[in-house]
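Please take these sequences and the hints and turn them into a complete structure.
Here are the chains, one letter per residue:
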Amino acid sequence: MTELLAFGRFEVARLLRSWKFLAITVGFPVIFYMLFLSDHSPGKVVDGAVPWRVYLMVSMCSFGALIAALNAGGSRLSTERASGWARQLRVTPIPAWSYVATKVAASMLVVVPVLVMVEVVGSAFGGVQLGLSTWVELTALLWVAAFPFAVLGVFVGFMVNAETAYPVVTALMFVLGYFGGLFSPVGHMPQAMQTAARALPSFHHASLGLALLDGHGFGIQDALVLAAYSGVLSLAVLWKHRVEESRGLA
Amino acid sequence: MRFDGVVRRYGKHVALDHLDLQVAQGETVALLGPNGAGKSTTISLLLGLLRPHAGFVEVLGTSARQAVAQGRVGAMLQTGSGSGLPPSVRVSSALQLVRRLYRRPAPFELTVERAGIADLLGRQTHRLSGGQAQRVRFAVAIAGDPELVFLDEPTAAMDVDSRRSFWRMMRQFGAEGRTIVFATHHLEEADVIADRVVVINRGQVVANGPGATLKAAVATRQVRFVTDDPDEVLLDQLEGVTDVVVRGVGVTLNSLDADATVKALVHHGVEFSDLEVTGAGLEDAFVALTECDPTSNERRAR
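The listed protein sequences correspond, in order, to chains A and B. First residue of the first sequence: 1189, per the numbering used here; consecutive thereafter. First residue of the second sequence: 5, per the numbering used here; consecutive thereafter.
No lab work stands behind these hints: they were computed from the structure. If you're wondering where the values come from, they're calculated on a predicted model, not measured in any experiment. Backbone N, C-alpha and C define an ideal beta-carbon position, used for all residues, glycine too. Be aware that one or more of the hints could be misleading.
[To be verified] In silico lysine to aspartate or glutamate, DMTMM-like type, Cα no more than 20 Å apart, as pairs: (1) B:Lys-267 with B:Glu-236; (2) B:Lys-267 with B:Asp-235; (3) B:Lys-267 with B:Asp-247; (4) A:Lys-1428 with A:Glu-1351; (5) B:Lys-16 with A:Glu-1433; (6) B:Lys-16 with A:Glu-1432.
[Stated by the list, open to error] Some chain A residues flagged as far from chain B (calculated, every beta-carbon gap over 10 Å): (7) Ala-1194; (8) Phe-1224; (9) Ala-1237; (10) Ile-1282; (11) Pro-1301; (12) Val-1304; (13) Val-1308; (14) Phe-1313; (15) Glu-1325; (16) Phe-1367; (17) Ser-1372; (18) Met-1377; (19) Gly-1403; (20) Ile-1408.
Here it is in structure tokens:
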């Protein structure tokens, strides 16, 4: 157990020290949010009842969580695998699963400052007024709901090599962002795209947050879709890990 | 450490073909062989990174995985172009982390001293030269104070000086009673460090014995020259000659005693030109060894 804690601490320390990575990961969604805010029209309403400013903040939280998780998992993992470090860890006493688990946990950790920063901007400049308990609830909900993103990041890190990781991560970011309705509300899209959006985890991540702020409470359907994604992607990671292990690569 | 009739395939390619191998505690053993002979596969199986398709692998009286999980094994793997180290951290923190993954690690300072990396501790892992990274990876391999260490081509891409100092480190570590198994394709490296050299080719042990024994087995020279109308029967009977290859007017003789062979050529009045005597390459040595009767080699080894 102390071995696992040591490994976890090492990973976190390494993450915190790579301030360039953190600055970009936190800064990108915040800047993106600011750009969208300049188009701020106070009375605008989205998809029936949700005020534009609320939609925008929650969407940027989702987008930020997505970026953070994909970058922390995908890009870093593939770099480490290329360096041979991942394989070296396999010949130390810590169990094989702990490497994957630590990566998912580290990705989840990076999501926290991103959510907080976007919310700070939302509260200061985005015109979003919430009670303290609602802020806390929203943050916790969006954080837990980011789990499938973290697993997706790790899966990408396992599937692609260091050179292709960046383009793949970037493509996923924008596909999931755009088609998940994070840049422009799903209600404004043609019917086919709306259907597609409802199949994406990014849509349901934002939808979960919006339902909470909208007074609809807990979006069970969104939660189920996100849980299903988590399950399928986790299995995919385990499968990939096992295949690599049988080839002696993991 | 024991290997009994181990078979490992990659698709249709058979990497290890019923390989038998035993290493006693405290021994330093070299796995010598050309690229693709099965050395790395052997080490991967010994570390539990791969499972055998047939046969039996035992490490420190238990399974390979168990031995690794108990922290009794250390390893320096081949990393291709990568450093084998975590990117963008200091050498010291990477080494400290690895120590913490073991229950009874060696003291930090001792590992640093053994691997000779005191001057590298403050460096970032991605700013190390190839040879420096290899020293750090050696430190990583021995940080847990393992009983058994596997080194897969530890001096690949090192220059002569760093290679020699690395050999000194390995010998010292072995002298402390550790078991070391290392893969190499340098005959000299195997000869200088190992108590015993196991030659592997095409997934099988083709020779097994102290370095000197193998050296004798592979101490053949090639004598090459050009002559009109070569007489194969005569050439084959010359002193020292073990093999004759004639291609048109070009003749290649494998000889155990090049001097005697050349004298015999003169003595028999063979008209030759473009005479060339070379030490047989390692590839030829493997051919020589592969053609030997494996059982007779076994006997010589004991």
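Hint-by-hint comparison with the structure:
| no. | hint | in the structure |
| --- | --- | --- |
| 1 | B:Lys-267 with B:Glu-236 | 17 Å, holds |
| 2 | B:Lys-267 with B:Asp-235 | 17 Å, holds |
| 3 | B:Lys-267 with B:Asp-247 | 17 Å, holds |
| 4 | A:Lys-1428 with A:Glu-1351 | 19 Å, holds |
| 5 | B:Lys-16 with A:Glu-1433 | 19 Å, holds |
| 6 | B:Lys-16 with A:Glu-1432 | 18 Å, holds |
| 7 | Ala-1194 | 4 Å, violated |
| 8 | Phe-1224 | 33 Å, holds |
| 9 | Ala-1237 | 47 Å, holds |
| 10 | Ile-1282 | 5 Å, violated |
| 11 | Pro-1301 | 19 Å, holds |
| 12 | Val-1304 | 25 Å, holds |
| 13 | Val-1308 | 28 Å, holds |
| 14 | Phe-1313 | 34 Å, holds |
| 15 | Glu-1325 | 36 Å, holds |
| 16 | Phe-1367 | 33 Å, holds |
| 17 | Ser-1372 | 37 Å, holds |
| 18 | Met-1377 | 40 Å, holds |
| 19 | Gly-1403 | 46 Å, holds |
| 20 | Ile-1408 | 41 Å, holds |
Hint compliance for this structure: hints 7, 10 are not met, and every other hint is.
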